[in-house]
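Listed below are the residues making up each chain.
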Amino acid sequence: MTERTYLGEFELMILLAVIQLGEEAYGVPISREIERQRGREVSVGSVYAALERLEAKGLISSSLGDPTPERGGKAKRFFRITKAGLSQVHETRRVLSKLWQNLPELKGGRA
Amino acid sequence: MNAKPPILAIWMLENLTLGKCNEALAGDLLEEFRCGRSALWYWRQVLATMIIGSFREIISRRTVLIFAVFWSMLSPAWVLIVANLEKHFNFNDRVLQMEWPWNAFCDIGLLLAANLIFIWVGILLYLIAHSWIAGNFKPRVLSRGIVASVPIIIAIWVALLIFPQRFLQSQRVVQPAVISLHSYALTGMAPPRFAQIPAEMHTPYNNPRHAISNTGSAALLVRLPFFLCVLYALWGASHWKSEHKRSVNC
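First to last, the sequence lines map onto chains A and B. For the first sequence, position 90 (counting from the first letter as 1) is numbered 90 according to our numbering, and the numbering increases by one without interruption. Each position in the second sequence, counted from 1, maps to that position plus 1000 in our numbering.
Isolated chain B, as found in the complex (with noise of 0.2 Å):
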């Protein structure tokens, strides 16, 4: 009889398994096993406390699930504030006026402060609400989720890219989207690209209520990165704080 369980089993029961009391809980199935369970129960066991510890994990984080969902359906309408202010100030001329790289640097700058604004705004309101509503307020918890939300849009960014053709498409629907196409520039596509897409199709809405209506696919790709920071970012902090309570219960 095998005296060790799956390693895979093992691995996946202490890394992947969200809640409390992973270790007495490890240390029970492994007692069980010795005892002449197999390892098909042990594979059994991992995968349902994997299951039943990210269904409470999403059932107890509810709140922030809700507002990160509604918080991304508004970022369409953020996007056409944004185009709106490109356009007035004419950013996108200046740039490309600049010479490489600052024109790169400049643009990936405006870009992160425009979309990182969004993000950080809906990340103080709900943190602002939660700690109105519950009565306490933790600047740690904010920062936590401030800084957390810079590399995450990054990687998302990075993950856009590599499809860029897919990218290309929500840019025609919510025009000019999370990356400003100037940063097409780094990968030798557009704007020439962009120049290929009619020109009726460059700005399609001028209301935002127009674009926070729009379900299409693209338009929920241009949603993602802001969706997928929130959650992070908030998810993150309101960890930190379930952790702090059993760690005071303790």
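The following block holds chain A by itself, in its conformation from the complex (with noise of 0.2 Å):
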């Protein structure tokens, strides 16, 4: 039997700002995607942990890259998402389209 994992809302986001960055995903660009589509401050520790979390659960590997001297130094850690991640995003939309179905129209502010 498959092990079901549920996403989070931000872990979700984490996970689609991934996808979407491709072969830049580290901490700074995931962070500012998240900061632009939510349109609000980011803990860049945060995304650290939810992403630390994701790793545990294996929808995403890691790996080191160079240090550079713009970094003090130190490396960035590059994120890509597994087989399993991906096929969990698509396993969320599909759940959350079909629950999306018949949601009704605010009006005037109010449900």
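A couple of the hints might just be wrong.
Claimed, not checked - In silico negatives: residues of chain A with every beta carbon more than 12 Å from chain B:
no. : residue
1   : G8
2   : G22
3   : E23
4   : S46
5   : V47
6   : L51
7   : E52
8   : T82
9   : A84
10  : E91
11  : R94
12  : W100
13  : N102
14  : L106
Claimed, not checked - FRET-style restraints, in silico, Cβ to Cβ:
no. : chain 1 : residue 1 : chain 2 : residue 2 : range
15  : A       : A84       : B       : A1129     : 44 to 50 Å
16  : B       : W1132     : A       : R94       : 38 to 44 Å
17  : B       : T1063     : A       : S61       : 27 to 33 Å
18  : B       : F1055     : A       : G73       : 25 to 31 Å
19  : A       : P67       : B       : S1060     : 26 to 32 Å
Think of the hints as simulated: they come from the structure by calculation, not from any bench. Glycine residues also receive a C-beta, built at the ideal position from the N, C-alpha and C atoms.
Using the hints, build the complex out of the two chains.
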């Protein structure tokens, strides 16, 4: 039996950002992308905490890049979605799409 | 614009943040800072990282925390057993009859042994139960925990000796508590000062169950060294295990 993991809202956002960024998915662009979409500041620490959770679940994998002088000699940690991660995103989209059917329209700011 | 973030914030990020990816995270924050983020933004990020990291570490080691609370709750019963043994074999008088500094050495040695036995048994029980459930037993982890408990209990004693009045109060509650009263001879206090305490208060508990159920502030002070020792030793051991696991994965 396959183990089913449930994604939180923030985790799903991060997974989608990692997919969108492709080869360039590391802490800074992931945080910027989420900040841009949400319209408010994001803690890089919370992004890393979620990335670690996703990595522990096997939904993403990570690898260290080369240290660069503009980062004080510190390496970037690049993240990439795994096959399990991609399948989880598709599954989440399928479930959410079904749940979003018949969503009532907002009228005058109230449902 | 400052090219370097606040030095204290950098130090806190590098030394006080728990968890993986610290280097990559520090690099990311520096990169963002050099792209025009403010020092206030940097501070906010560092503090958020520290809080999130600490919370995650506590959650991941919750069994250690729960066990340390449980084991330290039992410590007054152990103290009572030691007190009864001390009384039965008349250790106090024997030690007092010795010349200085042998009486101090003997007293501290007996005291260390009595306290460490309780702490080490706790560490051993936890690690055996953990290895039984997790299916592995690492002698190195056990030895690390055992070694770590010795300096920390000595440090706590020293800290408690700085507040002797408060500690004397705890002696009255769970007599004779963590430090044998003769050790106060080193600081020029008890036994003369202990003699001022009414005799009926010297042994308030004969039943270990009553000693365990006592949750007064002084009784909690008695439990504190045991709690910190068990927590520190097992925390270090579990940290080593997680680091080892990470390095294997890498």
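Quiz item: Far enough from chain B: is every CB of that chain over 12 Å from the CB of A/R94?
Solution: holds (31 Å)
Quiz item: Does A/G8 really sit off the interface, with its C-beta more than 12 Å from all C-beta atoms of chain B?
Solution: holds (15 Å)
Practice problem: Verify that the Cβ of A/T82 lies farther than 12 Å from every Cβ atom of chain B, and report whether the claim holds or is violated. | Solution: Non-interface label stands for A/T82: nearest chain B Cβ at 14 Å, farther than 12 Å.
Self-check item: Check on A/E52 being off the interface with chain B, judged by Cβ distance over 12 Å
Solution: violated (6 Å)
Exercise. With 12 Å as the threshold, tell me whether A/E23 passes as away from chain B on beta-carbon distances.
Key: Answer for A/E23: holds, closest chain B Cβ roughly 16 Å.
Quiz prompt | Status of A/L51, Cβ more than 12 Å from any chain B Cβ | solution = violated (8 Å)
Quiz prompt | Distal placement of A/S46 relative to chain B, Cβ over 12 Å | solution = violated (6 Å)
Exercise. Please settle this one: A/G22 was flagged as non-interface, so is its CB more than 12 Å from every CB on chain B?
Key: The assertion about A/G22 holds, with a minimum of 18 Å to chain B.
Quiz prompt | CB-CB spacing for A/R94 and B/W1132 relative to the 38 to 44 Å hint | solution = holds (42 Å)
Practice problem: Return holds or violated for the Cβ distance of B/T1063 and A/S61 against the range 27 to 33 Å. | Solution: holds (28 Å)
Self-check item: Cβ separation check - A/W100 to all of chain B, threshold 12 Å
Solution: holds (31 Å)
Practice problem: Indicate whether the distance between the beta carbons of B/F1055 and A/G73 respects the range 25 to 31 Å. | Solution: holds (29 Å)
When held up to the earlier numbered hints, the structure conflicts with 4, 5, 6, 7 and 15 and fits the remainder.
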